[in-house]
Each structure stands twice: as structure tokens, then as C-alpha cells.
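Model the full assembly from the supplied sequences, consistent with the hints where possible.
Residues per chain, in single letters:
Number of protein chains: 2
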Amino acid sequence: MGERQKAVVLLSGGLDSATVLAMALRDGYEVFALSFSYGQRHAWELAAAKQIAARAGGPGVAGVPGVKEHRIVAIDLRAFGGSALTGDWAVPKGRPLAEIAEGIPVTYVPARNTIFLSYALAWAEVLAAGDIFLGVNALDYSGYPDCRPEYIAAFEKLANLATKAAVLGERRIRIHTPLIALSKAEIIRAGLALGVDYGLTSSCYDPSPAGEACGACDACLLRRKGFREAGVADPTLYKAHANTVP
Amino acid sequence: MGERQKAVVLLSGGLDSATVLAMALRDGYEVFALSFSYGQRHAWELAAAKQIAARAGGPGVAGVPGVKEHRIVAIDLRAFGGSALTGDWAVPKGRPLAEIAEGIPVTYVPARNTIFLSYALAWAEVLAAGDIFLGVNALDYSGYPDCRPEYIAAFEKLANLATKAAVLGERRIRIHTPLIALSKAEIIRAGLALGVDYGLTSSCYDPSPAGEACGACDACLLRRKGFREAGVADPTLYKAHANTVP
Chain A
6 MGERQKAVVL
16 LSGGLDSATV
26 LAMALRDGYE
36 VFALSFSYGQ
46 RHAWELAAAK
56 QIAARAGGPG
66 VAGVPGVKEH
76 RIVAIDLRAF
86 GGSALTGDWA
96 VPKGRPLAEI
106 AEGIPVTYVP
116 ARNTIFLSYA
126 LAWAEVLAAG
136 DIFLGVNALD
146 YSGYPDCRPE
156 YIAAFEKLAN
166 LATKAAVLGE
176 RRIRIHTPLI
186 ALSKAEIIRA
196 GLALGVDYGL
206 TSSCYDPSPA
216 GEACGACDAC
226 LLRRKGFREA
236 GVADPTLYKA
246 HANTVP
Chain B
6 MGERQKAVVL
16 LSGGLDSATV
26 LAMALRDGYE
36 VFALSFSYGQ
46 RHAWELAAAK
56 QIAARAGGPG
66 VAGVPGVKEH
76 RIVAIDLRAF
86 GGSALTGDWA
96 VPKGRPLAEI
106 AEGIPVTYVP
116 ARNTIFLSYA
126 LAWAEVLAAG
136 DIFLGVNALD
146 YSGYPDCRPE
156 YIAAFEKLAN
166 LATKAAVLGE
176 RRIRIHTPLI
186 ALSKAEIIRA
196 GLALGVDYGL
206 TSSCYDPSPA
216 GEACGACDAC
226 LLRRKGFREA
236 GVADPTLYKA
246 HANTVP
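Those sequence lines, one after another, are chains A and B.
The first sequence stops at residue 251 when you use my numbering, and every number in between is there.
The second sequence stops at residue 251 when you use my numbering, and every number in between is there.
One copy or any two copies: either way a pair holds, since identical chains are not told apart in the list.
For lysine-lysine, the following BS3-like pairs were computed, each having C-alpha atoms within a straight-line distance of at most 30 Å:
1) 230 with 169
2) 162 with 11
3) 162 with 73
4) 169 with 98
5) 244 with 55
In short, the hints are calculated from the structure, not lab data.
Note that the structure is a prediction, hence the values are computed from the model and not measured.
As C-alpha cells, this is what we get:
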């Protein structure tokens with residue numbers, strides 16, 4: 006191929022976005038990774054994002070170049086409150102998986118993906134990038150309104166009305182969500198095939214100060230189920246007691 | 006009417022948003038005003054927003070209550086650059102009005118309205134507000150892609166897919182843009198009828214440290230033309246030499 010197309014990849018430091026990053030690199034994009042510091046309880050997640058961005062592609066995966074640039078933008082989602090993830094309420098623990106898949110959890114952050122995608126759009130416009138990658142998943146997180154395919158389609162439509170390049174007819178914006186219809190086990194298998202080191206990723210909503218995952222929040226439970234179903238050992242360091250949680 | 010409906014009003018400190026604020030108050034909404042500190046050159050604008058929010062409605066306008074709450078959220082649009090308004094380039098001066106109305110100016114901030122509306126949506130969701138007001142204008146700023154009616158309609162559609170309340174069928178989100186088809190002169194006349202003190206508003210993209218408007222940037226030129234056409238004295242304090250600009 007000729008000159009590589011630029012893409013902005015939203016990178017949270019979790020399992021899903023690390024997989025999406027590997028997919029964007031595999032597909033030949035010149036990748037600009039974007040993370041947010043948004044007053045999340047789990048700041049450990051950002052440390053994970055840095056490591057993932059630094060080690061994606063490159064020497065670890067033959068022939069795949071690394072991330073071109075990684076930016077962390079500070080935004081203040083705490084200004085409005087309204088979520089357990091920004092510290093307003095307690096993170097629920099030990100919920101049955103069937104319950105996690107239904108309803109909208111207290112860890113939902115109001116309009117978070119809309120804000121994240123808006124920033125990605127701003128950077129894409131400055132970079133003259135036409136592609137934005139986001140690791141949303143509609144199966145495990147059916148309760149999040151902004152993880153659904155119809156939401157993503159609406160944002161893509163908006164993006165193509167919002168930007169100078171679109172108005173001038175220079176470039177269409179595409180929002181890529183390669184995980185949207187995959188199970189957690191399928192995501193893990195796809196990522197392992199691309200050399201993703203899941204030991205670097207952080208999923209827990211409520212890790213210990215040392216970064217150990219709690220093993221019992223919704224995100225930990227979904228992650229553990231995914232590794233179980235993929236038939237692969239989970240490299241996550243869980244708190245000692247967490248392994249007694251089914 | 007019974008309990009007042011809550012509305013989030015985006016308030017920049019400029020002439021347009023001050024007018025929209027007065028309209029939302031007139032229409033009986035309980036108003037939550039939202040401003041952003043985004044690395045704009047013209048930080049003086051934020052001081053104006055504070056004064057406008059503090060003095061809108063209330064004793065000045067009989068029977069109209071004031072703003073319920075005003076929040077200023079710090080966001081970092083400088084992280085990506087790409088606009089004269091965030092300090093990357095020089096603000097153009099003395100452009101012909103016909104040129105201002107066409108093309109996309111260097112003062113355009115990539116994805117700015119998308120980011121602003123996303124934050125307004127987050128606050129609206131936390132407040133359980135269904136209405137968001139934005140002072141965009143498609144006539145004077147036809148060059149800004151995110152000031153057009155089709156862009157606003159796309160954001161409204163997105164908002165109704167993005168939020169918990171919409172998914173649960175509890176509440177629709179409406180994006181109000183009462184100025185979108187008005188000329189600057191019409192906006193000024195409407196605002197004066199509602200008691201807006203335009204002496205408090207700031208339009209200039211490049212004011213002096215003391216807050217005097219340059220009189221020659223696109224925003225000043227459009228403002229001056231508006232007051233001229235409305236047949237009303239412009240209370241703005243311009244730099245001495247500015248008055249020689251037609």
C-alpha cells in the first residue's frame with residue numbers, strides 16, 4: 006500500500022481497547038492513540054494505557070509498526086457527577102452475570118462515549134484522519150446506551166456533518182467498532198492472535214492502590230468469564246480473596 | 006405552569022448566547038448555564054459569562070427568575086491545536102463581510118460545538134433535564150459546519166440514542182437553537198426586548214488585556230454591523246483606533 010491512512014484509536018487501558026488498537030495496527034493504519042484522564046477512580050487504567058501504547062506493534066509483532074503518538078487529555082467528568090466510576094457511588098460487586106447484561110449499571114458515565122468520540126473527532130480533524138476506532142461491545146454491555154450500533158451510526162452521521170473536511174467533501178469520517186458484536190472470549194482469542202499482552206491491560210472498576218483487580222466488579226466478572234470461555238489463563242493479578250468468587 | 010422544566014444553556018459570554026439565555030428564562034425554564042474554559046485567547050469572555058449569568062433575569066426583568074446555577078468546566082481544546090482561537094494562528098482582521106460569510110475561517114475550532122454539546126448532554130442527563138439551548142447562527146457563520154441546522158438535527162438524534170433516559174423512554178432531549186435563522190440585527194432587537202445588557206457581552210476574538218474589543222476581527226465586524234442594522238448604539242468598548250474601521 007501507499008501512504009498509510011491515519012486513525013485515532015480510543016485507548017482506555019482495558020482489554021477491549023487494547024485489542025482494537027492491535028486490530029487498527031494490523032489493518033495498516035498510522036495510529037494516534039487517545040486516552041482520557043477524567044477523574045476515574047481507577048487511575049491505574051491510565052498507566053496501563055501508556056504501557057499498551059508503548060508496546061503495541063513494534064518489535065513484539067513482526068512487520069507491524071507501533072503507535073505513532075499517544076495523547077492523554079484531561080477532562081473533568083466529575084464536574085457533573087452521576088456515576089460510580091467518577092466516585093459518586095459504590096461500585097457494585099459480585100453481581101450475577103445475567104444481571105450485568107441487563108439494565109444500566111451505576112458505573113455508566115453520562116454521555117461518556119459522546120464526549121470521548123467528540124475529542125477523537127477534534128483530533129482526527131486536526132490530523133486529517135478519516136478513521137476513528139472505539140472498543141465498544143454491545144453484547145457484554147447491552148445496558149450502556151452509547152455502546153449500541155444505532156448510537157455509533159448516529160455519531161458517524163453527526164461526524165460527517167460536523168467537520169470542515171466533510172463539508173468541503175474532502176474526507177469522510179468512519180467510526181470503526183470491530184468488537185461490537187463479539188463475545189469477550191472471541192475478543193480475547195482475536196487479541197492473542199495479534200500478540201496483545203493482556204497482562205498489561207486493566208479492566209477492574211475498583212482496583213487496589215497497587216493495581217490488583219478486585220475480581221468481583223462487573224468488569225472483572227465479565228473479563229474472568231471471557232478468559233474461562235476462551236480456554237486461556239487470565240494473566241490479571243487479582244486480590245487474593247477474589248479467586249474464591251466464582 | 007406547574008414545576009418548571011430544566012434546561013442547560015450553553016453560555017459563551019458573547020452576544021448570541023446572552024440572548025439565548027434570556028429566551029430560555031422567558032420561556033419559563035429553570036436554567037443551568039454552562040461555560041467552558043478551553044484555552045481560548047479571549048479569557049475575558051468567561052468573565053463576561055459570569056456577569057451575564059449572575060444578572061440575567063432576576064430584579065432586572067420583572068417576573069423572570071434568574072439562572073439557577075452556572076458552571077464553568079475546564080477543557081483542553083489546545084491539546085489538539087488547529088485554530089486561531091486557541092492560539093495557533095493569527096486572528097484575521099478587517100476582512101470584508103462578504104468574505105466572512107463564506108468559507109471556513111481560521112477561528113473555527115475543530116469539533117468545538119460537538120464537544121460543547123456533549124458536555125451539555127452529560128449535565129442534562131445528571132440533572133434530568135430534557136432541553137439544551139445553543140446560540141448558533143447559520144446566517145452570519147455559514148462557514149462553520151457545526152452551526153448548520155442539519156448538524157443540530159443530527160446531534161439531537163444522537164442525544165436521543167446516547168442517554169439512559171432516552172433508552173428507558175423517560176425523556177426526549179431537544180436541542181433548541183432559537184437564533185439559527187436570525188440576522189444579527191434581529192438577535193439584538195430580540196435581546197433588547199428581553200432586557201439583555203449587551204454591555205456585558207464580549208464578542209471579540211482578540212481583545213486587549215483590559216478587555217477592549219479590537220473592532221476588526223470577524224466577530225467584531227459582524228457585531229458592529231448588527232448594531233448598525235438594528236439602529237441601536239453598540240455599548241461595546243472598542244479600542245480607540247477601532248472606530249475608524251468601517
